[in-house]
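Since the structure of chain A is provided, determine the placement of chain B on it from the hints.
Those protein sequence lines, which keep their order, are chains A and B.
Under numbering that gives the first Met the number 0, think of the first position of the first sequence as 0, with each following residue one higher.
Under numbering that gives the first Met the number 0, think of the first position of the second sequence as 0, with each following residue one higher.
Worth flagging that the hints you see were computed from the coordinates, not collected in a lab.
Careful, some of the hints might be misleading.
Sample of chain B residues at the chain A side, in silico, Cβ under 8 Å [what the hints assert, rightly or not]:
hint : residue
1    : Leu85
2    : Met132
3    : Gln213
4    : His243
5    : Arg263
6    : Ala276
7    : Leu278
8    : Ile283
9    : Pro284
10   : Asp285
11   : Pro286
12   : Arg294
13   : Leu297
14   : Gly355
15   : Gln359
16   : Val360
A few chain B residues that face chain A, going by a derived Cβ cut-off under 7 Å, partial list only [as the list claims (entries may be wrong)]:
hint : residue
17   : Ile38
18   : Ser73
19   : Asp172
20   : Ala214
Please read these numbers as outputs of a predicted model, since none were measured by experiment.
Note that CB positions come from ideal geometry on N, CA and C, so glycine has one too.
The residues making up each chain are set out below.
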Amino acid sequence: MHLLSVNNLLVRFRTHDESVFAVNGVSLDLDEGETLGLVGESGCGKSVTNLAVMQLLPKPAGKIEGGEVVFQGRDLLSLDESEMRELRGKEIAMIFQDPMTSLNPVLTIEEQMVETIRAHRRVSKPEARARTLELLHTVGIPQPEARLRNFPHQFSGGMRQRVMIAMALALEPKLLIADEPTTALDVTIQAQVLDLLQRLTTERGTAVILITHDLGVVAGMTKRVNVMYAGFVVEAASTADLFARPRHPYTVGLLHSMPRLDAQPGEPLIPIEGVPPDLRRAPVGCPFAPRCAWRVEACWTAMPPLDPIEATQVIVTTGPNATHRIACWNPVTPEEAIAARPLRAGFEPAAPPTEAVS
Amino acid sequence: MSGSMAQPPAPSGVAAAAGAAGGASPLLQLADLQMYFPITSGVLVSRHVGDVRAVDGVSLTIEKGETVGLVGESGCGKSTVGRTILRLYRPTGGHIVFEGQEITTAEGSTLRGVRRRMQMIFQDPYASLNPRMTAAGIVSEPLEIHGVGTGRERRQRVRELLATVGLDPDYGDRYPHEFSGGQRQRIGVARALALHPDLIVADEPISALDVSIQAQIINLLERLQGEFGLTYLFIAHDLSVVRHISDRIAVMYLGRLVETATSRELYERPLHPYSVALLSAVPIPDPAIESRRRRIILIGDVPSPSNPPPGCHFHTRCWLRARLGNPERCVEEQPALREMASGHAVACHFAEEVEGSPEQVLQISGDSPGASVTAAAITPTTATTATTPPAPTPGALPAGPSTPQQPVPRRRERS
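In isolation and in its complexed conformation, chain A is listed as follows (with noise of 0.2 Å):
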């Protein structure tokens, strides 16, 4: 049994005369002590994945319109709140990207720890603050008696972040979902934080989702990796495997698209031309089809399934074999992904069906 299991997941926002489609079936797994990066761009769904396991979406416009979420061999999606606040933080705990707003402005570091341990476990406020203490000097916040006082306001960005982390493994949960953790620091600072965040969670055997947009971040520090876009989830790997291979058609694009430091000198960029789609339409299709250079007809009418990319008897969803799946008509050949672009002779994209545009 896996520690976490999302099945085909389906959230919307609703708004009166609008619907977003945020998540459109979104299947993942995940095992204790796992780490497993998100990768995509804003509006992907990478964190509303999330929000929707926590059940934390915003209410009442976001909704689950489908699918499970099991956690521990229990159905979240069944529990009510009370139960739901019982499990967070205690059992799955959550880092955001800005620390400052996650973070009560108007209580100090003290209250908000002591009052986060004491909601959970049946400790006196002495022990709970013993406990805090402890936490803060683990995640190397200087002189933490003095600093038990402090306001959020007072530590600067990185530090605030430590802050969250104490707070997110105070109580020892077994999965912790970090998303963009550092996208709002500088990178010696970044790279202070992962160091920590890594370190903390592979000593207590922490599964971790990281959300991110970085794929330099989900190289370092997860072992499997969900690259999502426009509310799917289209390349499925272990991390070694989907860097050395990828095979989606968005995938590869990513990799061009951004600079590397350790780039040949003038080496082109090649971007992913276009923009991500407008997702108050429901999606016909791969979501991708309009940029991407590999499509072909069945693209424009139908989302492919995430399959793997070799026929095999067993999926593994789990673990350093996890199955590498793609869901595209066309994958990308290992040739073409180095030139990233189609080498095969005489291919054009497919142009878009004429009846479909309305």
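Positioned in the frame of chain A, the structure of chain B alone reads:
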């Protein structure tokens, strides 16, 4: 691409040199540029109680047609340098010389004349475009301000500009909110191009954009440089982007330049401990490389520019200083930019120690697993004494009782 950036010319010499050199003079020279922002206190009578030294003595030369990358962390003053060049601020000290013309204190029509030739692209395409103006209005505004052409000519020019940056000229009637982030940044680029500038200061032009869009804008900027012979000062925090687009890179830390070199040199042979740490902190999208890289984890945050550390600003976080036994010189004496190789200048007293150190080499190529190197060669000498005691007697520690407390940089090692 010359090494002239290395020598901070004496302020008096700048104007003379620029005037004498004639056509060969660089497009822009900064000499010991300072920009302090006063900190005041008091309600009725405001007293000057200190300064935020955003830019504290920056000397930089930009040749015509090249791209100079200015890189550093937030708060290091890189944006202030860009804004001061455009004279959005009046510098506290130093000189700005644009094509031989001293513009440090220029005012009125002189300043306007120069500003026509220098434009800026801003980071946030959502905040830098007036939401109540159409795209055409935004792009045409510089033309109107400088009284270029008739209304009809301006409209024609705006259409050309929109096409140049890859937008449909018929979209000119639309408002900024009708465009995506990448398209808005294209409008910002079109506006910057309107007056045929020589220098464009691009301040984090792609940081607010999605990954797949960033490359579109980078390629656009590169194409425009080729077409119009533009000179760029490209300000960014992302070293991989800066390295990609720049001919030369200047690394900034707390208001000062710590290293200037060609992109290639800086990457292959960084000589300032801060540059080395910055390079090592940039993640590379390749798990095989990431697993064998050693990361220098700097301790602590960037100090406040209102109260920078004495001597070398970086000494509080420097991994090299710890290894060298915390020499007092770093605290007492501000290191000057000195040329270590042609076109490669470093502001570090001990840059020679960086040369050839295991940290200097980015563990990127080569098939030898980094672990073996890591274990043996990399361990700092002072730390060796502290962590693996060959002589258990505490008195035998050569550096005295303070040694164990030294901030030894932690390295991330993954297997």
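Okay, the hints, checked on the actual structure:
| no. | hint | in the structure |
| --- | --- | --- |
| 1 | Leu85 | violated, 25 Å |
| 2 | Met132 | violated, 22 Å |
| 3 | Gln213 | holds, 7 Å |
| 4 | His243 | holds, 4 Å |
| 5 | Arg263 | holds, 6 Å |
| 6 | Ala276 | holds, 6 Å |
| 7 | Leu278 | holds, 7 Å |
| 8 | Ile283 | holds, 5 Å |
| 9 | Pro284 | holds, 4 Å |
| 10 | Asp285 | holds, 6 Å |
| 11 | Pro286 | holds, 5 Å |
| 12 | Arg294 | holds, 6 Å |
| 13 | Leu297 | holds, 5 Å |
| 14 | Gly355 | violated, 20 Å |
| 15 | Gln359 | violated, 15 Å |
| 16 | Val360 | violated, 12 Å |
| 17 | Ile38 | violated, 18 Å |
| 18 | Ser73 | holds, 6 Å |
| 19 | Asp172 | violated, 20 Å |
| 20 | Ala214 | holds, 3 Å |
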